[in-house]
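Here is how the chains run, residue by residue.
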Amino acid sequence: MTETAAIPDHPLTYLSFAVLLLPLLSFFLCHVIGEKFSWLISLVSTALLCLTSLAAFLLYQGAYGNPESVISWSWIKTGNHIFEVGFLFNDQVVVMTLMVTLVSALVHLYSIGYMADDRASKKYFAFLGFFTFAMLGLILSSNLLLTFCFWELVGFASYRLISYYRDQSKAASAATKAFLMNRVGDMGFLVGLMIIWSATGSLEISQLHQVSFPLQTAAGLCIFLGVMGKSAQFPLFTWLPDAMKAPTPVSALIHAATMVAAGVYLLVRLHFLFTADAFVVITWIGAITALLGALAALFQYDLKKILAYSTMSQLGLMVMAMAVSPGASFLHLLNHAFFKAGLFLGAGAIIHAMHTAHHTEKALDVQDIRNMGALRTQMPVTFFCFAICSAALAGLPLTSGFVSKDILLSHLGASVNTLWSQQGITMIIAWITVFLTPIYAFRLFWYVFFGQMKNDLVMLQEAPVIMRIPMMILALLSLTLAVSFAPFSITAWASKLLYLQTFEESTYIPYITTAIVILALIVGYFLYRNQPTRSRSRFLTQNFLLDSFYAQYIIQPFQFISGFTLSLDKTWIDRGIHAVAYFQVSLSHLAGWFDRSVIDGSVNLMAGAAGRLGTITRYLAAGKIQTYVLWAMLGLIIFMIWFLIL
Amino acid sequence: MLPIEPLLYLSAFLFSVGLIVVFTKRNAIVILLGIELMLNGANLNLVAFNRAQPELFDGQIFALFVIVVAVCETAVGMAIVLRVYHFYGTSVPDQISELKEKP
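Chains as they are written, first to last, in the numbering used here: chain H, 4 to 649; chain V, 4 to 106.
Honestly, the hints are just simulated from the structure, not real lab data.
Heads up, a few of these hints could be off.
As the list claims (entries may be wrong) - Cross-link-like lysine-lysine pairs, in silico, PhoX-like; alpha carbons within 20 Å at most:
(1) K173/H to K39/H
(2) K308/H to K180/H
(3) K103/V to K627/H
(4) K180/H to K39/H
(5) K308/H to K125/H
(6) K125/H to K103/V
Stated by the list, open to error - Chain V residues, not near chain H, derived (Cβ > 12 Å throughout):
(7) I34
(8) E39
(9) V72
(10) S100
To be verified - Not close to chain H: a few residues of chain V, all C-beta gaps over 10 Å, as computed:
(11) P6
(12) P9
(13) F60
(14) P96
Predicted model only: the values in this text are computed from it and were never measured.
C-beta atoms are modelled at their ideal positions from N, C-alpha and C, and glycine is treated no differently.
The shape of chain H in the complex, shown without the other chains (with noise of 0.2 Å):
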C-alpha cells in the first residue's frame, strides 16, 4: 500500500488502466465520430472492445495464481483521512475482468449485425463500451465507495440502454422501472457503507478482511439490499423481466456479464463481512427467487421472458450457495454469464429473423414462442448453439452447467445436517429448481425448434455470420471442455479456478443430478410434446403479482403521502413563507419611503441651499457694469462714514 499521491509504475497497473479505459474510449469515440463515418462506430467500438479483451487476457495471465495484491494511491483527503483508489488483483477479480471483456466483445461484435439496420446505432455502441466500463470499474476498484460509484454507473448505463427503443412507451417505464428499483437497492447498499465506515474507518477492501464491529449483520444486510436490486432477487426482481424490452444484445449483457453478475460477484467479494445471522436472510432470498424465477419460467410464453425468469432462478441458486460456498457460486456465475449470453444471442438471432420475415404483420408477437416452431431446419447454427446453451442451462452432462451446479450442490448438501433444518429445506428448494430447470429449458427449445411451424409461407434466413461467430464461441465456451478437462471430475480445474476452498468431491451427487435432470426432461417431453397454448395464469405469468402489490401498497400510499404533504405544504408552508415574504416587502417600502425622503431630502436640502446662495452671490457679479460701479460707490460711501465720523 502506498500512500503518495503517484500513481505506482508497476506493468498490472497500465494493464488494469488499458483495461477499464478501452471500453470509456469507445463510447466518446461513439460520440465524436460524425454523422458521415457512422457506418465506422460498430467496428471502432468492436475493435477497442477485442482490445480490452487482450489486455484483460494480459491481465489475466500477470496476475492469476498470485496472492492478494492491491495497488491504490490516495484520491481524496479529507481531514485526517485519505480515500484512496486504486486496483485489487486476486484470482476472483481478473477472471471475472476476462468474462466481462470477453462477453462484452463479443456482444459488440453480434451487435454489428443485429443493429446493422439501425440508425441510431451511434448511442447504442456508445453506451455498451460505457456500460462496460462500468462494470470493470466495479470489479477492479479496490475502495467500497468507488465500487458505489461504479456500481451507479452501471444503474445508469442499464437505464440508457433499456430505454434505447425510445419510441416504445413500454421500454421508457421499464428503463424507469429498473432504474427506480435499483435505487431501492442502492439506498441499502449506501446506509451499508455509512455504517461501515463509521464502525471501521475504511472502505478499503483489503483493510476489511479480519474485523468485525457491532452491527456488522445490519451492514450485511443493507450491502445484500443492494445486492438485491442489482441481482434481481425477491422481492426487488420486478425490474428484470420487463428490462426485456431492451435490444437482445443488451439483453444478454445485462443477463451474463455487466449487470446482474455485479450483485453476486459484490457477494462472492465481500464475502467475509457477512455474518452467519446475516447469511440466514440471504439464503432464504436466493432460495424463494430461485424457485420463483423456475417456476414464472414455466408458464412464460415470451421467448425473452423465460429466459429472463431463467437467469433470475440461477442468480437465486448462487445467492443461495453464498453462505456454504461462494467459490461455487463465482463458478456457476461465470459459467451462467457464457451459456446465458449464448442463450440470449441465440434468441437475438431468432427474434431478428422474425423480425425480418414478418416485418409486414405488425400484429404477430415475434417474440412469442407460440408463433415459433420447427425452426431447427431454417436455422441450424443457431438451432446447435441454443441447443448447447440450453443444455448447459439444464444441467445435462458434459456442459459447464453440469459441473458448477454439481458443486453447488455438493456444498449446500455438505452442510445439512438434518433434514427439517434451515440448510435442509434450502437444499430441497435447491433441488427443486435443479429439477424445474431442464423442464422449462426443454420447453422453450421444443416450442422454437420443433413441432409444425407456425407460418409456413415464409421462410425464416439464417443469421448472417457476423452474428453466428459469437454464438458459436459462446456455445463452445459452455461446453465442459472450457471449465474441465475431465467431464466428471468436478475438482479437476475449477478448484484451481478459485482460491477459496478447494471443492469436495461427492461420489454420488453427479449422478443424482444426471438422473434428475433426464427425469425431468422426460417430464418435460410429456408435458410439452403437443405444445399446448394453455391460458395465462395472472399470479405465474405476472412476476406473482408482485407489481400489483406494490402497485396498491407501496406506490399509493407513497403517493397518498406524498400529495398530504403537498397539501401541508400549499396551505402552511407556503402561507408562512408568503407572510414573511409580504412582511419583508412592507418592511422595504417603509426603507425605501425612509431613504426617499429623509436621506435623500437632507441632501437635497443641502444641495437646494448651495443653489439658493449660489443664484443670490451670482447675482452680484451679474455682468453689470453699472451695478459694480454702484457697489463700489456704496462701498466708498461706507469707507468714508466709517473713516470721516467714527
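Fit chain V to the supplied structure of chain H, relying on the hints for placement.
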C-alpha cells in the same frame, strides 16, 4: 466776493447728477456724459477751494489738467463705443453679454 457755499453746493449737485446718470442710463454714450458731469463737479471743487491761497494757481492748473485728461479719456471711450457698436450692433453695455451664463 462770492461766498464759497453756493459753489460747493453746485459742485455736489453736479457730481450727484453725474453719478445718477452713470447709474441709471443704459447707453454707454450717456454714461460717458455722466462721467463728464462728475469730473466737472470735481473741477468746480478744485477751483473753489483754491480761494484759500489766492497767491497760487494750483487748483486752476489741476482743473486744466483734468479737462485735458477727460478729453483724452472721452476720445478713447467714444472710439471703444464706436467699435463695440460696429461689432455688436448696439452701444448698450447690458446687452453685450456673450460670456454670461444663459438663464
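- Sort out whether K39/H lies within 20 Å of K180/H, counting only the CA atoms. Violated: K180/H and K39/H sit about 36 Å apart, past 20 Å.
### Query
Since S100/V was said not to touch the interface, does its Cβ keep a gap of more than 12 Å from each Cβ of chain H?
violated (6 Å)
- request: Evaluate the condition: distance from the CB of V72/V to the nearest CB of chain H exceeds 12 Å.
  value: Fine: 19 Å to the nearest Cβ keeps V72/V off the interface.
Is the Cβ of E39/V more than 12 Å away from each Cβ in chain H? Holds, because the least Cβ-Cβ distance between E39/V and chain H comes to about 15 Å, which exceeds 12 Å.
Check: Given the hint that K308/H pairs with K180/H, does the C-alpha gap stay at or below 20 Å?
Finding: holds (16 Å)
Between K173/H and K39/H, is the straight-line Cα distance small enough, at 20 Å or below? Violated, at about 32 Å.
- Could you let me know if the closest chain H CB is still more than 10 Å away from the CB of P9/V? The assertion about P9/V holds, with a minimum of 23 Å to chain H.
Checking one constraint from the list: CA of K125/H to CA of K103/V, max 20 Å. Satisfied? Status violated; Cα separation ~81 Å.
Using Cβ atoms and 10 Å as the threshold, tell me whether P96/V really stays out of contact range of chain H.
violated (5 Å)
Original post:
Any Cβ of chain H at or closer than 10 Å to P6/V, or is the non-interface label fine?
Top reply: holds (24 Å)
No chain H beta carbon within 10 Å of F60/V's
holds (29 Å)
| said: Can you confirm whether the C-alpha distance between K308/H and K125/H stays at or below 20 Å? | reply: This hinted pair is violated, its Cα atoms lying about 27 Å apart.
When the structure is compared with the earlier hints, violations turn up for hints 1, 4, 5, 6, 7, 10 and 14 and for no others.
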